[in-house]
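Engineer: Let's have the full structure, built from the sequences with the hints guiding it.
There are 6 protein chains.
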Amino acid sequence: MSKVLTFGEIMLRLSTSPGTHFSNIVSFQAHYGGAEANVAVNLANFGYDVAFASKVPDNALGLSVKRHLQKYGVNTKPLLLGGNRLGTYYLDSGVGERSSAVIYDRANSSFASVQEMEWDFEQLFENVDILHLSGITPALSEKLAEISLRLVKEAKKRDIKVSFDINFRSKLWNHDQASRTLAKILPYVDYCSAGKMDAIYLLGIPENQTEQDDTDYYYQKMHEKYNNIEVFYSTKREVHSATSNSLQGTLWKDGKTYVSKVHKLEPIIDRVGGGDAFSAGILHGLVTGADLNYTVSFASAYSGLKHTIYGDCNPFAIRDVENLMENGSAKINR
Amino acid sequence: MSKVLTFGEIMLRLSTSPGTHFSNIVSFQAHYGGAEANVAVNLANFGYDVAFASKVPDNALGLSVKRHLQKYGVNTKPLLLGGNRLGTYYLDSGVGERSSAVIYDRANSSFASVQEMEWDFEQLFENVDILHLSGITPALSEKLAEISLRLVKEAKKRDIKVSFDINFRSKLWNHDQASRTLAKILPYVDYCSAGKMDAIYLLGIPENQTEQDDTDYYYQKMHEKYNNIEVFYSTKREVHSATSNSLQGTLWKDGKTYVSKVHKLEPIIDRVGGGDAFSAGILHGLVTGADLNYTVSFASAYSGLKHTIYGDCNPFAIRDVENLMENGSAKINR
Amino acid sequence: MSKVLTFGEIMLRLSTSPGTHFSNIVSFQAHYGGAEANVAVNLANFGYDVAFASKVPDNALGLSVKRHLQKYGVNTKPLLLGGNRLGTYYLDSGVGERSSAVIYDRANSSFASVQEMEWDFEQLFENVDILHLSGITPALSEKLAEISLRLVKEAKKRDIKVSFDINFRSKLWNHDQASRTLAKILPYVDYCSAGKMDAIYLLGIPENQTEQDDTDYYYQKMHEKYNNIEVFYSTKREVHSATSNSLQGTLWKDGKTYVSKVHKLEPIIDRVGGGDAFSAGILHGLVTGADLNYTVSFASAYSGLKHTIYGDCNPFAIRDVENLMENGSAKINR
Amino acid sequence: MSKVLTFGEIMLRLSTSPGTHFSNIVSFQAHYGGAEANVAVNLANFGYDVAFASKVPDNALGLSVKRHLQKYGVNTKPLLLGGNRLGTYYLDSGVGERSSAVIYDRANSSFASVQEMEWDFEQLFENVDILHLSGITPALSEKLAEISLRLVKEAKKRDIKVSFDINFRSKLWNHDQASRTLAKILPYVDYCSAGKMDAIYLLGIPENQTEQDDTDYYYQKMHEKYNNIEVFYSTKREVHSATSNSLQGTLWKDGKTYVSKVHKLEPIIDRVGGGDAFSAGILHGLVTGADLNYTVSFASAYSGLKHTIYGDCNPFAIRDVENLMENGSAKINR
Amino acid sequence: MSKVLTFGEIMLRLSTSPGTHFSNIVSFQAHYGGAEANVAVNLANFGYDVAFASKVPDNALGLSVKRHLQKYGVNTKPLLLGGNRLGTYYLDSGVGERSSAVIYDRANSSFASVQEMEWDFEQLFENVDILHLSGITPALSEKLAEISLRLVKEAKKRDIKVSFDINFRSKLWNHDQASRTLAKILPYVDYCSAGKMDAIYLLGIPENQTEQDDTDYYYQKMHEKYNNIEVFYSTKREVHSATSNSLQGTLWKDGKTYVSKVHKLEPIIDRVGGGDAFSAGILHGLVTGADLNYTVSFASAYSGLKHTIYGDCNPFAIRDVENLMENGSAKINR
Amino acid sequence: MSKVLTFGEIMLRLSTSPGTHFSNIVSFQAHYGGAEANVAVNLANFGYDVAFASKVPDNALGLSVKRHLQKYGVNTKPLLLGGNRLGTYYLDSGVGERSSAVIYDRANSSFASVQEMEWDFEQLFENVDILHLSGITPALSEKLAEISLRLVKEAKKRDIKVSFDINFRSKLWNHDQASRTLAKILPYVDYCSAGKMDAIYLLGIPENQTEQDDTDYYYQKMHEKYNNIEVFYSTKREVHSATSNSLQGTLWKDGKTYVSKVHKLEPIIDRVGGGDAFSAGILHGLVTGADLNYTVSFASAYSGLKHTIYGDCNPFAIRDVENLMENGSAKINR
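Residue numbers (this note's numbering), protein chains in the order written: chain Y, 1 to 334; chain E, 1 to 334; chain D, 1 to 334; chain U, 1 to 334; chain R, 1 to 334; chain V, 1 to 334.
Keep in mind that a hint or two might mislead.
With a Cα cut of at most 25 Å, we get these calculated DSS-like pairs of lysine-lysine [to be verified]: (1) E/K77 with R/K77; (2) D/K264 with Y/K264; (3) D/K264 with E/K236; (4) Y/K253 with Y/K184; (5) R/K77 with E/K3; (6) Y/K264 with E/K264.
Derived from the structure by calculation, the hints contain no laboratory data. None of these values were measured; they are calculated from a predicted model.
Structural biologist: This is the structure:
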């Protein structure tokens, strides 16, 4: 199977139990996650040979991150040990009308403090078919924006496909900063996850005044701007409550938009990582050359499964997704 | 900010975990609550200077109650230590079609056994702006009915606003007993939480045969009977199942009824204390002289938040309510 | 009250917590259950004198099974201690779109390995009014199919009513094997739980091409084939998701079908044992000679209650069911 | 095997987890226990036909008590349902230097409020060989002291052996009250658990000024006073800390004292019920006519096992005790 | 009672459960603590009017800290809300031969980043009798060293007693840095917790070559150097294993050393905060003018109690300590 | 670093929480382990390239095993997926006088049912330096005894060191069966873990009648019998109670015995896997050519660490062991 490299930050997530206020908890649930790390784990669960490049402190927390990744078969050779601290974030789990809330405590982490290119390009890219990163990485520091740019350039030099999820985080940077950096990176990208808001606020696409369907319109316009990008994809999420959403996947290629069925996600156990699961599902479809309707359906079903599990990463394998696609939730198999 | 005094019983609540039968539990979840104590905690969370007057045993349980109240900033100087036992109740948490059930074990508690006025009026009422109590307190004993009456009279003497939540509990007294006592207390009340059933069965209002809206009718009639009461309020709850309700707040003043939007509460984590949260929200609106539409909306949203948290009291602050009122549950802020 | 005997396998069930993947669990929830054991517990909770005949290993697990049954008042004299192991199964608890999954590890259990009739008929049947077993028992081994047949014959000899739940399990046997065995057992049965699929695939009833209602048609046809069977019953379940179902009970007697209201089961805590609860409810109605509309309603409500509790057996008593039938989930009683 | 009847109160015990202060707990561990109920469970675990007579409220708590007793095979026919409440006590679990502490909340329980003899003597005593009760029962009320006396008298009339554990509780009565009541009961007792403090403060035995061993002296003197009592027994406990004790059993019969080895109990999981386990062990030895050295060793080992388990009752069977007596704790059997 | 002010950092502590490796945990136990915050809580538990001055972020974590302190009655008016993050540390709980380990993640916290004196002296010191701080505060930053010095000077100006616990932390500063700062602060101190290592490495006392007892020698020499310091105190801890220690308190005043009995601490639930408990106990003795033998015994017993409870602070009250001093761990009081 | 291959069974272990009886548990703690799998994990934690060859079912349990091994970096390429079931065992955790007990439920597992050599020798042994297996593997079936013998022969052919831990399990085979099989395997072994009981009962060494030290005598005699075995090693365990042991490691090479200090293991969290940890520590010393005193001390310390952690495998790394060897448990590093 294909070999994949992802590059980004992985954090410790400390979350409350549903129905318990921060000031009343006696313990925090602990998970490890980050956009690129999640994609790495998810693709490893599909059987790919995936390496995750990052940096975590050389202590018990760093070791825990390493074991978390290894558990799912992710290659941790490019996971450097060193620096000051592990990035952390707190998740206050929402219920019904009360939405989830995140408190970031990720500044000055070992990864965000990287001051030079500490990874060797030759080793990193050996036999790699796809490089995946997200907009979170260049948002972390000037230096990481620079390294991200070098990575996508080096990947292109080696004919490696570049997958990029825009993943805008307003707590990390603003629209202007993001736009400037994205304008440098996107010319090297092959597959891009971007939605309507990204198109308008980060890529400068004018709002849709036509009668064309929004999805078609924005994908088309983004492609016109960056015609190096072969495939666009994203999820449309209708939020009924913190624990009930509808989710539909869309994918654009060669001027045509493919959409999945609408998944009713209720109750939602944990939506963090739902987008990363969708990205992993799309990449799986693309590298296997699967039918694009199947691809978008597979990715959506896989994203749906993520919402039924605590934690940022999606422990399910291809057969679990196919089982859901075929049988739905109709019965206990016994 | 205003200074508030509440007076009533606080109990230990022992509840089962959802999905577990009483006879199969290995532990009970422990919370502390009572109508007036909950209002005290809720108003303290809004920043008010709130004191709670009651009596609990001078042992580890009494100390736990005291610390529970202090945690949220409630002034516990008028919380007396002494007597025999802490009132207790068991909550069997309902799910779906199966409703929650309560087993009271509150008889002979330190508070219910109070035999004389053990609090000093001067100290109790020093600088107080509002006195809040509920119909549960006079229901506990003849003596407490007498003390409740003295308290509202003393409050009125001092130009303190009196807030009273009828809160009828059929396991504590019957309609006749309640009616007789309420008839003595209500003439001293300024703000009163009462609904249609209270109007008919406790205040002797004839059933609505007119074409007038029920809410308007009963509020109007109650006001006609007790025109000292400036404000009436209550929630209307439609129960779809133990874990799914719709809730709407209403408030009446100067001949006009104000209603909030209908909140869809699903899943309900814990509905106990939902009414007390609504009362606290209304009092907050009234003492700040807020717009009455805002007031009823704020109180309803605050009551809605309560349903997302285990325990009788509502740990959220004003900014959490306003955040819900502005943004709904639409997204994770990150 | 009547005396009941049930015969079958009881297993240890190891289940994951909702929202947690098998590979990430740190503990399994432990419950004990099996179709006939569940019916025994349920009927004991109604106050019947119920004995459960089976075999479990003579070790701490066997003792735990015995205590589980005794807890609810089931007579464990015919629960033999011996053999190699306790049958086990793993339950991966589904959520929303993701359905539950079962991994059986029941082969070679003490019960499935029974090689001869180890119970004494005279003792087993002393004063018994009803014998209940399900299609799982004869599916476990040739020997158990033979013993099942002897049991129903011996029961009939003694004028004991025979209740039989077809309970087809595709992981234990196939349609052909089941059909052959059922053809021998059903002539001795008085009350039978069977649905459309059972009718078509196991009893050889042709698919309904008529305009008659499916329920009526299949019950009628099954009765035509086995006119010794007085009563047929089963539940119709519409599966919206793993945690949301609609359930309706049906019962046929003397050419007439009786149906319960449709119960909305949401959220479902645990649906395992829902069918056994329905069977117990039906048997209760039949032995008390209750009205058949009441009977099917009682059984459906009792089955609904089961879905609100973890574990295979239904801890509720008659008054809990009647409480649900009268009051619904409308309010907390306090 | 012999048939046994015990009579007394059973309570809900709510305990903290070790290392957690009352004011910081989020849940209480729940167990059910009481001196006579524990002896009943323990003897049932040895295979005896044991009935427990008491009274608990007719609600979910009473049902839970009933199921707790049934689980171990105790006959609950004489467990009446009715009255106001279930007696409760809180246990603050000690660690090391900090001792455990108990808060009783047992006043006005259904059992303590019994006002007349609600059990039928003929039914109670049918085929009974031994009646066991403890000094806690007559301490609960004048009425229960009277009923206790009638029970031992009726037992003697029927040639039933009477076993009585003095079990003095200073929170229930004082030395004078206890002495007066014991003086009436002890003339009907055959087997009595009493120690040095009981002898001096409750039975009026002068302190040992002789050179005789204390154990011999007090047993001898008590026997001189009540020569109807055939057997005396008790444990000597040296308390090194809340979690480390040494325990030795002693038994006196026919002028001779038998002692067990000293058991080192460390760490102690839960010492509540350790005395009841010893009593059950002694009764087992006496009714089987076992060697008295064996009897006191068996009872001590069984009491030791109790200290390794949470809760008031001792779930182990005869073979577990014999296993400990033969092999000690030396190795894992695998 | 006296009024106390403490000043320092409070952190979130995330700890593993005993017996679980960092890389295998699914949740972290959460507690809040810090040397000066712990002393504040402990003194509040004795009934003192204690205020804690510090700074925490204005988010759910800061609110949780505030509620933690309020729970025990600590006045949080001087607890500022603002800045970037809450200091955090991870505690890997040791067992037996394996010692506990701490990973600090406290850099850049809201408190450590304080850049100017944000508290008003007049308000801070109003009616204060004692100011307590530890060497951790000046170790956090140059600025906090400066503020610490100003605080002790301002306190002396107002005739407020200054209590200072040297509390050297090698992960925060080295011997040289600490010595220089201490040399400025100690001239303003009245009560000082310092041991042999502090004397040698931080205060420049030559090692004891005399025949004098070490404790006497170092206290004497430190007093010679800083004769403004009236009272020295510290604990001597013999570590048998991570879960078994012996602890003895010592106190020096007017040329005389007072020692407590040796407490055997086994098993140790959590030793963090044991020194802060000792400090609080000593301060209680000093401000009440208690006998110095009593004072050192009280402080040691109180420190011993801390080791029996999870978390940094000591929830026990004066009567709990006196109970331990009088009765030891000998029995359950019931 | 060296490359290691281990071969054996890995099982799911279901254990009770300390202090809870089997019949009262609501959940089982889940761990995965087996002698050879544990050695594999332990050596991977030291940084070796370790592969584990075995067979587990192709379901969620097999996947969980695979992820368990991967987590620690074990290469799972030779872990085959297939067959019927995962071997299981129940562990009743002992406390104090009550020893732990194991119930095996491992018969008919995927591994034990292997009927032919399903692994390819060339792939298995590629670059391997050490093969490790234990006497449990040949005890599982005739076929596995045969495969074990082939493996050691093939290893010797390739100049691979063979490490063998006798690990006699009386529940799997008897002395005669074991002796016969060991007699075939031991001639191919280089490093062997065997103790006095093994020497006498399995290797036919006459009991020591000489004045020689037992350890020296038996190692010497075993070496005389199998002079191909270069190194013998084992632990001597003195069992004070289930939760308190003393443990000393011994190692023999070239006629000389090396012993570690005696480790006091108290409290023991979990002793399962303690021997496997010792083996891993010895192998680490041998392959690095470390000093033999260091080697036996390292292995003993590493085994000691295992006893402080739940589960069969030892999560600690070389630096943790060295930290314990240097510092003991004396203090918290902060």
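Engineer: If a hint holds in the structure, say so; if it does not, say that too.
Structural biologist: Now the hints, each set against the structure:
This hinted pair checks out: E/K77 and R/K77 have alpha carbons roughly 18 Å apart, not beyond 25 Å. With a CA separation close to 18 Å, the supplied pair D/K264 and Y/K264 stays within the 25 Å bound. A distance of roughly 23 Å separates the Cα atoms of D/K264 and E/K236; the hinted pair therefore holds under the 25 Å criterion. Only pairs whose Cα atoms come within 25 Å are accepted, and Y/K253 paired with Y/K184 is accepted, the gap being roughly 22 Å.
Among the hinted pairs, R/K77 with E/K3 is consistent with the structure: their alpha-carbon atoms are about 17 Å apart, no more than 25 Å. Using a Cα cut-off of 25 Å, the hinted pair Y/K264 and E/K264 holds, with the two alpha carbons roughly 18 Å apart.
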